[in-house]
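S.K.: Sequence:
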Amino acid sequence: MSSTQPLGRTAAAPLRVRDQAREAAALIAFSAATASCLAVALLVLTHLGSQG
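Numbering of the sequence shown is given in this note's numbering, commencing with residue 1 and proceeding in unit increments.
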């Protein structure tokens, strides 16, 4: 009798709170950087549009 596990049933270790906090901080930083870049791009486009 074989005691092999099915392929889809691998036990993944749960993330620690520290790891979850690090991932959340990275997501917040990425979102802030993306929003800032979009805001600067819109300001540049508005400035260029008002000149011409």
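Heads up, a few of these hints could be off.
[Said to hold, decoys possible] Listed next, with one range per pair, are the computed distances between beta-carbon atoms: (1) Arg18 x Leu45: 37 to 45 Å; (2) Arg16 x Gln51: 28 to 36 Å; (3) Leu15 x Gly49: 23 to 31 Å; (4) Arg18 x Leu38: 29 to 37 Å; (5) Ser50 x Ala12: 35 to 43 Å; (6) Thr46 x Ala13: 45 to 53 Å.
Calculated directly from the structure, the hints in this document are not laboratory data. It should be emphasised that the depicted structure is a prediction, and the values quoted were computed from it without experimental measurement. Each residue gets a CB set at the ideal place from its N, CA and C atoms; glycine is no exception.
S.K.: Give me the numbers of the hints this structure contradicts, sorted from smallest to largest.
M.R.: Those not satisfied are hints 2, 3, 5.
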